[in-house]
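Chains A and B, in that order, give the protein sequences. Taking this note's numbering, I'd label the letters of the first sequence as residues 7 to 376. Taking this note's numbering, I'd label the letters of the second sequence as residues 1053 to 1273.
Keep in mind that the hints were calculated from the coordinates and are not lab data. Incorrect hints may appear among the rest.
Below, simulated EDC-like cross-link-like pairs (lysine to aspartate or glutamate); rule was C-alpha separation at most 16 Å, straight line [claimed, not checked]:
#	chain 1	residue 1	chain 2	residue 2
1	B	Lys1238	A	Asp173
2	B	Lys1240	A	Asp173
3	B	Lys1067	A	Glu192
4	B	Lys1203	A	Glu150
5	B	Lys1056	A	Asp195
6	B	Lys1067	A	Asp191
Residues per chain, in single letters:
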Amino acid sequence: MSLETRPVTVNLGPQHPSTHGVFRMRVTFDGEEIIDVEPIFGYLHRGSEKLAEERTYSQIVTLTDRMDYVSSMLNNQAYILAVEKLCNIVPSPRGVWLRMIASELQRIASHFVATGFLLQDLGALGTPLIYCMRERENILDLFEMLCGARITNSYLRPGGVFMDAPDVFWPALSRSLGDIEKSIDEIEDYLSGNEIIFSRTKGTAVLSSESLVNASITGPMLRASGVDWDLRHRNPYDYYSEITFKRILHTASDNYARYWVRVQEMRESLKIISQCIKNIEPGPVRPSFDDVPRLVRPEPGDSYAAIEGSKGELGFYLVSDGGISPYRMHVRAPSLINLTLLREMLVGELFGDLFVIFGSVDLNMGEVDR
Amino acid sequence: MIGKGIPRGFIITLKNFFRTPVTVQYPDRKVSIFEYAKIKKKNIFKLFFSQPMLSLKISLGLISVPSSVEQSQRFRGNEFTFFEERCTACASCAKYCPLGIIEIVSVPGGFDAQEGESYKLDVFDIDIGRCMFCGLCVEACPYDALHMGTKFEKSTYVRDNLIITKEELAKSEKSPSSFYRPQFEKEKFDPFKDNIKDHYKAGRHEKPEYKDLKKKWVDDR
Ligand code: SF4
Ligand code: SF4
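Chain A on its own, in the form it takes in the complex:
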């Protein structure tokens, strides 16, 4: 007698502890195997793009903090670049170096979170996550020195940053760079050779580079498939053209490759920060209020600026009608676009790998729903 089986549809989320926020998936299983996935999102929609239409250009910085809340500095940077392009603002050099240091620190913090939660999803309950969060804490302390807040920084202003770094910042920064370097070594020692992680992550959710490019996926996910696409190198913004760094590539395009690319990128970020420290010179951190007032009023027109965010190409599109607030703001959120291949990644895999694959995308629901 043969056993009769039939597919089961399960609702995962929106308040599931492993969905990195409020994300809902309707998953159909055949036994252990996933045969269909339907993502449903919008539970964290706060209407940031609409809210921006009511606020002045300087006030919107506070909204961008809350989009991708584990990499607020990068959001600030992308938005400020778009404003600078729109208003033809020439930024102050020291301000630019400071914001590059801040955004690279934020990239490390964001990758720590991604690595920690990937391991958490793998079932390593607690330990690696807590190690990663502990190291991230160093970086948040640095942010607190810089701008007084840990998560919602609002540190950048059109033309630079609002205030120079305090004297205590520089020794703390060089101390932290050493600490972070050591802890990345530790994480690599701890995880990159671990057989359980090998067997769970190698060869799962393999995507071809063609499909990744066609779905316009960017960031560590794309670089893990061997496509050399990094906006810091391809389309250098700020002073990245004066900085040398290695682009991290992997060819396997599986979960392990994505994890590995993130860990190696943290090391490159450390190198970028030490080059920034060498290049930074004393001077004003933002243009005078005569050049860039608090209430900027750009000419009618539009601008798009994109940076290499921690999750991919993070872009801000601003349309101005000549008023004090944008006519329209659109955010190219990498988390949302990286989700487009979720179905292709999940179908055919086992239930146990579902959240691992989901975690390897490194998405942030605050940015997906905005």
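Since chain A is already given, all that's left is putting chain B with the ligands on it; use the hints.
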């Protein structure tokens, strides 16, 4: 499957096992009797013989002392510091706030020793229940009247109590953070130990001499 990787991982977790913990016990922490004596600045033997019950309780871990979290000087806390004497009711802060939660009602007739004639404040309410502590209001204040506070432990049971009025602001502790106030950093003002009593100290301007003031506002008129 079992190879070198897993034992190496265990060595690292074992090393971390012997590290000093990075977590901070908050808001209270347990102390040993030696530490307690040190905090209260008492001789340990004296403490032991004068208050044996207390000493016993401390040794059993029943007594805890308040602990503090290490904060940076620029921390943007929720207890705003406000110097009414400095405020000219220009409402720059209210205009710059992204949420529009500062309410200002002013009447003519105020006088400020530094800035001259000004408006007088009637109402100055900040609804910190909706505030996100972005600090833009502090950045906008041209007279250094409003500062971010460094304290963050004020909580209430009723939402309406989160609207802080002029009177509450006047009463609150004057320990401003150095967010957007470089003069505090230059003077090495420590908000966690000191208070600012004289409102002249809070500003970027020099305290004017009496004879200059008299010349400006009395003789030249
Ligand atoms: S801190 Fe920000 S939200 Fe709060 S009152 Fe000031 S400007 Fe408004
Ligand atoms: S606090 Fe400052 S910005 Fe606000 S009304 Fe008073 S002087 Fe003007």
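- Item | Enumerated hints in conflict with the structure, sorted upward | none
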